[in-house]
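A.B. asks: Here the sequence shown stands for residues 7 to 366, numbered as in the working numbering.
All clues given are correct.
Here are the computed distance ranges between Cβ atoms for each label pair:
(1) D301 <-> Q57: 47 to 57 Å
(2) C146 <-> S67: 29 to 39 Å
(3) D286 <-> W83: 46 to 56 Å
(4) V63 <-> R331: 27 to 37 Å
Derived from the structure by calculation, the hints contain no laboratory data. Note that beta-carbon positions come from the ideal geometry of N, C-alpha and C, so glycine has one too.
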Amino acid sequence: MIPLRILHVFASDAVVATRSGPPTLLPWLTGQGHAVAAIMVGGGSAPVPAQVIGRRVGWWSWWRTDRQEATAAAGSWGADLIHAHGSGALATACELARGIAAPVVADPGTLAAAACLRLLRDPAIAAVVVPSEMHRAAVCTDARILRERVVVLPPGVDALLPAPRTVDGALVVGARLHDRQSARILDLAMEALGHEGLAASAVVSCAPGVQPASSRIRVVPCGAELAACDVLVELGSADLPMNHVVDALASGRPVIAITAGLLPELVQDGRSGLLIPAGDAQALSGALRHLAAADRRSAQAAGALQAARRHDITIVGETLIGVYRAAIGGSAAAGATTWRRLSTERLRRRTSNRLRSLGP
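From just these sequences and the hints, can you work out the full model?
C.D. replies: Below is the structure:
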């Protein structure tokens, strides 16, 4: 097979918070013989598993100089295709695509942004990758987005994850607290377990402005809660990316999640975790009490590893390569799919116009 040159556009914080997604995909593509490069949106300094050939930091510098420099760098690098990771990268990817006449594979991750569906209508987008059938149904409600171009593909993950913890008597709960309501519910559940005499503690990472009140909860940097916990709790809304839940399953951590959005598709109730109603602290404490038993936690951990097999990067990556090749062979790029061909056509046109103006 002919190797591809794939330009990835994503925000800096998208590559450090989880293992599934770009941190696994980019090294896998390189190992398969494909070339990868990155355009970063945002001013973060996160490590990127690819060569960074451009950045977008602020709209003023982008429109003055950075946009032209990034387009020239992407063209001279010879990008065959642009993969946009996250709704925040869609506008930048489409601008670059118009500059180098390359198709775009859009992976919005979440449809929470009000302008997300509008951006997905851009004619430069040849395919849209979504993590679930729920997201596909939401995208296909827009009649201007072709249904056959929307592909369901879960995030891929490799085996470079924290190993399953030894199951002992104490229960350590991990969570990412996205809002104050989630923090309050976890506070109530942990205090209820403490009143019952269960040895339980929690390690959490918090969004800005969110702080748990319980003394049983310890705050750690984002991404560090997975290695320190036995069970992951996800109380976030349906509009948030759930790659960290995939990381937990692939690490052998059972997941307690609310019955909303993508979570019921990721977590098999009673096998790889437990599903609870949203906003119910009593149900959360009951689920944690159920998993406090070592034998139940061990069985759920084995089920989590089994459920994570569908996210194996070998399976997901091969499917994504098929999406790439179909996008390049489509009509989204209007015939000129490489920078070299586009540059030759522009040079020929300019030379022809100049000779015409200098003629007799």
